[in-house]
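Engineer: Each chain, letter by letter, is given below.
2 protein chains.
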Amino acid sequence: MTHPSEFSTATLPVAYGDIEAASARLLGQTNQTPILTSRTVNDRTGNQVFFKCENFQRTGSFKFRGAFNALAKLSPNQRQRGVLTYSSGNHAQAVALAGKLLDIPTTIVMPHDAPIVKQDATRGYGAEVILYDRAETTRESLAKQIAQDRDATVIPPYDHADVIAGQGTTAKEVIESVESLDMLLVCCGGGGLLSGCAIAANALAPGCRVIGVEPEKADDATRSFYSKTLQSVHNPETIADGARTPCLGRLTFPLVLHYVHDMVTVSDEALLRTMFFLWERLKIVVEPTGALAAAALLEGMVAVSNARIGVIVTGGNVDLRQTLECLNG
Amino acid sequence: MTHPSEFSTATLPVAYGDIEAASARLLGQTNQTPILTSRTVNDRTGNQVFFKCENFQRTGSFKFRGAFNALAKLSPNQRQRGVLTYSSGNHAQAVALAGKLLDIPTTIVMPHDAPIVKQDATRGYGAEVILYDRAETTRESLAKQIAQDRDATVIPPYDHADVIAGQGTTAKEVIESVESLDMLLVCCGGGGLLSGCAIAANALAPGCRVIGVEPEKADDATRSFYSKTLQSVHNPETIADGARTPCLGRLTFPLVLHYVHDMVTVSDEALLRTMFFLWERLKIVVEPTGALAAAALLEGMVAVSNARIGVIVTGGNVDLRQTLECLNG
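Read top to bottom, the protein sequences are chains P and C. Per the numbering used here, the first sequence starts with residue 3, numbered consecutively. Per the numbering used here, the second sequence starts with residue 3, numbered consecutively.
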């Protein structure tokens, strides 16, 4: 077994045992999401492709796996004091639902211009939503302040061992279902899903190459991967809103360096084409970030043939009107 | 076992044995389509709901089941002479693909104003497409003429025993997967799917009530069902294009009377709401006709609670741009 980097696993923050434990914790709470195949995709790419459809996960994305795992591990005392997170997207809803299921009060810090539909969905799960002005404050500092005032536990969207382990159960599930894989394509924002999945693949399918996929305009992780020095982007203008994170985290960076085999990027145009291909041919609703891994394959960013390829479709929370405007635009 | 009507099964054109035989013929050719569940839907309706997703079937709809079964039963001589059908929709693509797989030449008669994308998809499977002017000729007479000239076998879209039996495998598959059902909701155009599914449900889940669902503006089968006399509609203006058929067929009418327990209708507005609900919440792309059965449940057209309900989602071939216009309109 060769590792792509020289780090020793002993110093790394998450191990496969954490993913196994998360998997047991999530049993009966998460959906065992379907794995779809398409003869059209197989013919077009010359591979056997398995789409793991986390857009069918509870709250519409893989984020629920990490959020539930993190909240389920809290002590009775921590549960009583509640949790807090910052996110305008899928992690917000995931934490809100996990809190509701586990009877833990949740507070979500969101920018004041977050789509009303996302604010409502988050409140719908019983979370308290606190809005802030992007121009006046950063979400991290505000969240820290409120958490301190309330003595609440912060559950960050990716740079947290329990979040990473929970998200890694996605790869565990797909590999256990399809038995063997030569390649696994995973999108990368903050790197929580990517590192969790890479740990699982390393344990369950050691020959499997794990490739992270980023938007061209938010290629910080790709540059970090190649330079082995943490790189960042500032408010990148990509339609893949889930991958606009400035940089990999303190935990995810070493994990990505250690377990991931390569990183590639795709353009927003390729992403849009892929999203609509998945809508029209696979009949699944996928959000832009959710189509990143599929785009890498369908747009020829990974040179491979006659291989068994897993593609993680991460989410389906998309504003239909807005997206169809992109189609027409 | 009670039957909803006084017809004797001995005189009926399709029996459950035909569906079993079709099922064997389709093995490895059709997709075993996923059955999706939704906690939101269960909570909202107070039932346990199983969505059988034929939008994931080959060619994007259940029509492939009937087409393949009918073509697979042809004699070597008939195969050589080829088949012909008339359809601007899902049956066209289904026959074209079945012909390609079985090496049978296919000719499809389509109106000259059929969407280019559907013409292209049909040609893409290797079918010859013959266009006609709706104002000048009817598709049935033209098809008959061409079939005669070419000595080809006509495969009508629903009023054909092998088509009905093939389509009925949809219900067989869902009932065998979920084990028991109290109700099965099936859309109704020409009644092929509805009668096939009702035969299967009668054999496999005798206590299960089978309900046909039509658009309000194309309610001919509902009126035929209640009056026990064949009723028709003329070019109804419903967005459910797959249910614009003028009336039940010579074979499907007695089958519907015999095996179906009730018929209900839904408005186009309800259909649109349901289609977008399925897109946004279940993350599946469904065409208007494909959402009929779900609409009956979600819009409260069937009064039932604490029941196990199967809902057949029949197809996902939808023009995204056109649908956006409906959404905005």
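Hints in this document: simulated from the structure, not taken from any laboratory. The structure presented is a predicted model; accordingly, all values stated were derived computationally and were not measured. Glycine included, each C-beta is placed from N, C-alpha and C at the ideal position. You may find that some hints are simply not true.
As the list claims (entries may be wrong) - Simulated DEER-style distance windows between Cβ atoms: (1) 31/C <-> 305/P: 30 to 36 Å; (2) 30/C <-> 125/P: 46 to 52 Å; (3) 45/C <-> 146/P: 32 to 38 Å; (4) 105/C <-> 179/P: 52 to 58 Å; (5) 305/P <-> 34/C: 28 to 34 Å; (6) 83/C <-> 48/P: 55 to 61 Å.
Engineer: Hints first: check each against the structure and report whether it holds.
Structural biologist: Tested hints:
At roughly 32 Å, the beta carbons of residue 31/C and residue 305/P sit within the given window of 30 to 36 Å. Roughly 48 Å separates the CB atoms of residue 30/C and residue 125/P, a value that falls within the hinted 46 to 52 Å. Take residue 45/C and residue 146/P: their Cβ atoms lie about 36 Å apart, and the range 32 to 38 Å holds. For the pair residue 105/C and residue 179/P, the beta carbons lie near 34 Å from each other, so the given range of 52 to 58 Å is not met.
With their beta carbons about 32 Å apart, residue 305/P and residue 34/C fall inside the hinted range of 28 to 34 Å. Between residue 83/C and residue 48/P the CB atoms are about 35 Å apart, so this pair departs from the stated range of 55 to 61 Å.
The structure is inconsistent with the numbered hints 4, 6, although it conforms to all the rest.
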